[in-house]
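Asks: Residues per chain, in single letters:
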Amino acid sequence: SAVISQKPSRDICQRGTSLTIQCQVDSQVTMMFWYRQQPGQSLTLIATANQGSEATYESGFVIDKFPISRPNLTFSTLTVSNMSPEDSSIYLCSSQGGRSTDTQYFGPGTRLTVL
Amino acid sequence: QKEVEQDPGPLSVPEGAIVSLNCTYSNSAFQYFMWYRQYSRKGPELLMYTYSSGNKEDGRFTAQVDKSSKYISLFIRDSQPSDSATYLCAGGTGFQKLVFGTGTRLLVSP
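Going down the list, the protein sequences come from chains A and B. Position 77 (the first sequence) corresponds to 77 in my numbering; numbering is contiguous. Position 95 (the second sequence) corresponds to 95 in my numbering; numbering is contiguous.
Hints should not be assumed to be uniformly reliable.
[As the list claims (entries may be wrong)] Below 35 Å or equal to it, Euclidean Cα-Cα: the simulated DSBU-like pairs (lysine-lysine) are: (1) B:K42 / B:K67; (2) A:K7 / B:K67; (3) A:K65 / B:K2; (4) B:K70 / B:K2; (5) B:K42 / B:K70; (6) B:K56 / A:K65; (7) A:K7 / B:K2; (8) B:K42 / A:K7; (9) A:K65 / B:K97.
If you are wondering where the hints come from, they were derived from the structure by calculation, not from laboratory data.
Generate the whole structure from the sequences, applying the supplied hints.
Replies: Laid out in structure tokens, this is it:
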């Protein structure tokens, strides 16, 4: 399975600011995904990070709010822009394909609190 | 109706008990079913997955899918305190677009 790290592990931010979360995989993978996990709710897919092209966003999520980069096959970033307290959540990245050709493996998550 | 429904628990059992965790789903196109375990303040960890209907066993864990009733189960034999975690089920038409349940919190007491 792929080993995934995320930075930062947690942060407390002020309303109106932006935070960029980094996701690093220890091997080249085909797909990378970003999820949000809010208390008492299921993991919700934000977008698929596509290498070399624009991310594919799920319904309810837009690029202006959650810009995503994927410069290569092992790295991706998610930015949470113009934050409000409603953005307080755990943000998780996952990977699929590559060395492990089957299902998704997750990073440890970034716990974000917006004041 | 959510696509994947899961009782949030908590489910409390004594050590050594057999645990049954269950989910229902509504999308009949789902072919892949996953179980993830998530410890507090950690990312989800894949336990096992099954394709279509049937059973799959891995050590103390058995996953079962009944597509006719759209029912997914995870059985844990000889439960241990270290099994205390939140268990997430997920379904999908492939490995990429997974739909998750909210998770069931399991507490195994010594």
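Asks: Any of the earlier hints contradicted here, and which numbers?
Replies: Hints 2, 6 contradicted; others consistent.
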